[in-house]
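Number of protein chains: 2
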Amino acid sequence: MNPTDLKIAVVGSGAVGCYYGGLLAHAGCDVRFLMRADLATVQERGLTIHTHGETVEVPKVAAFGTTAEIGPVDIVLIAVKTTTNGALDELVPPLLGEKTALLTLQNGLGNEEFLATRWGEERVMGGLCFVCLNRTAPGVIDHFDAGSISIGEFHRPVSDRVREIVAAFARAGIESRAVENLVTERWRKLLWNIPFNGLSIAAHGATVADVLADDGLRKVARELMDEALDAARRLGHEIPDAFADHQIDRSYAMKRYKPSSMIDWQEGRPVEVEAIWGEPWRQGAGVGASMPRLEMLYHLLRRITA
Amino acid sequence: MNPTDLKIAVVGSGAVGCYYGGLLAHAGCDVRFLMRADLATVQERGLTIHTHGETVEVPKVAAFGTTAEIGPVDIVLIAVKTTTNGALDELVPPLLGEKTALLTLQNGLGNEEFLATRWGEERVMGGLCFVCLNRTAPGVIDHFDAGSISIGEFHRPVSDRVREIVAAFARAGIESRAVENLVTERWRKLLWNIPFNGLSIAAHGATVADVLADDGLRKVARELMDEALDAARRLGHEIPDAFADHQIDRSYAMKRYKPSSMIDWQEGRPVEVEAIWGEPWRQGAGVGASMPRLEMLYHLLRRITA
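Read top to bottom, the protein sequences are chains A and B.
Numbering-wise, this note's numbering puts 32 at position 32 of the first sequence, and it's gapless, one number per residue.
Numbering-wise, this note's numbering puts 260 at position 260 of the second sequence, and it's gapless, one number per residue.
Quick caveat, the hints were computed from the structure, so don't treat them as lab data.
Remember, predicted model here, so these are calculated numbers, not experimental data.
Misleading hints may appear alongside valid ones.
Chain copies aren't distinguished; within one or between two, either way the pair holds.
[Claimed, not checked] The list that follows gives simulated cross-link-like pairs (lysine to any residue, SDA-like), each with its CA atoms no further than 20 Å apart:
no., residue 1, residue 2
1, Lys-219, Glu-274
2, Lys-60, Asp-142
3, Lys-258, Ile-304
4, Lys-219, Ser-290
5, Lys-219, Pro-292
6, Lys-99, Gly-278
With the rest of the complex left out, here is chain A (with noise of 0.2 Å):
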C-alpha cells in the first residue's frame, strides 16, 4: 500500500497526536484527527508545529467532534494520556474496520494489554516516541527535541504493517524504525522515566540537572534504574548494565529539562502513574523482583498526585 493511501485516525490530539498526525497529514497521509475543546480552531486554523527554527503549517485539517464521524480506518494512533484510557471503550469502536490497527503511542507499561483485551491482540502495535513537545495554544506545537520513534507488534515480530508505517512516518520527515521487542524497548525508555520523571515530582520539582548535581538524588536515580533492570531482566527483556550508565551518562546534556512528567503535575494536569510507576513495580513484584525504591516512589506518587 502506497503510505498516502494509508487512512489514519489520531484518538488523542495533544503535543503527541498533533506532532505526528500533523507531520504525516502534511506529508500526503490521510489523517484524521479526533478533537475537543481545540476542535473550532483546528478547523479553521490548522495545524502549526514549530521545529528546529521553522514552522510547519498544515492549513487544512481534518479534525472531528466524534469518532462516528470518522468511521473505519487503516490505522488508529492513540495518543491519549493513560490516565483516561477508560474513554477508549467509547472512542475505539466506531473507527475499527476488519483489519483496523491500533497503535498506541502512549507512555509506560500496560497499553498494549488494555487494547488486547477489548480489541484483539492481533490488532494491537506500539509505538515509543522521543521527543520533547510543548502544545502552547489550539493547533499549535512547538517541537523542541528529538523525535524519533520506534514501532513494533505487541508480542510478534516485526509485520509488512509496521513495515508500511514505519515508512510512512519516514516520508513525513520522521526518524522512525521497527523493533522486534516492543516491550523491551519499553523497559529501555522506562529505565530513565521511573528515576527521571519520578523524583522530579518526588522532589518537587528537580529538573534533571537537579537531579545529577545532587550525590543522593543521583545514586538514588541510578538505583531505580538497577531495580527496574533487575525486573526487566526476570520479565525476559535482555537489557545490558551499559544501558543505564549511559542513560545517566546521556541526561547530562539535557542540564535543566523538566521530565513530562513533572511538567504535568506543576500545570495541575494528571500524571501517568499507573503506567509509568505502577505497572513496572506490579509486573517486577509479580516475578520476585525487590523494588523497594520503585515501590515507595510509586506510593508517594500516587498520594502526591492524586
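Position chain B against the provided structure of chain A, taking the given hints into account.
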C-alpha cells in the same frame, strides 16, 4: 539538692523551651531564658501556657538577650532546633561552671555527640520529649497532648543528677522518668519519627491519618520502621518487633495529627533533616544495615526542604 535550688538556663526558647522551662519556673525553680525575638514581650508579660483547658501564667520570667547575662548555671536545657546547633559554640560557654550539666531536649540523633565533642562527655545528658506543642504568639504556648519526658545520662547509667532533674520536672507537674539507655530511647522515638514525619513531607503534606489510610504508604511506613529497627539492633539497642507494631497501632488514635516536621516545612521553617533522617541513615549504613527506603527518603527530604 532541693529542686528549687537548681539554677537552670533555657537556650532555645521556642515551644519546647518555653513549655518545660515555664512549668519549672512556675514550680519555683530558678529558670533563666535566653530569648531573641520574644525578649521584650516576655519580660513585660511573662509566659502563658494553655494546657488541657487550663491556663498557666508565669508572670515574672527571667529572660535575657545573651547568655553572658545569665552566667554559670547548674543545668542548661538545650532546646534550639538542631539545624542551628552551630550557634551553641558561642551561646554555651558563658553558662558553664565546673559541674554544669548540658541536657539536650532536641530531636533525633547526634546532639549528645555534638555537645560531648565540645564540652566533654561527662557534662552531657539527654531528654526525650513526648509532647505536642505550638508557639502561637510571643510567650504563648499551646499544649495539645502528652508532655512526658525521659531523661538519661549520655553513655552512662542513671546518676544522682538525673534523679534530681526528674524530681524537679515531677514537682512541676511534668510526667518524667529516668532512663538507663538514652540512645536506645532515641532510636525508639525515631522508629515513629522517621516514617511519619518523613512521609508527611515527602508525600507533600500527609497527616498521620493520611499515611495510615493509604495501604501503600502504611506499608512503606512499616518498612521504614523495620529498616530503622535493623540499624538500631546492629548498633546494640534491643528493641522488640512488638514495639514497631505498637507504633503503628497507637498512631490510629492520632487521626489528622500533623507531625512537627510537617508543620515546620509548611510554615517555611528549617526541618531537622540531619538529626532525624541523615544521622540514623549514616549510623545504620556504618554498621552494614540495608536502608534503601531511608536513604531515598533522606535525599528527597534534603532537596525538598533545602
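Could you work out which of the previously given hints the structure breaks and list their numbers from low to high? Of the numbered hints, just 6 does not hold.
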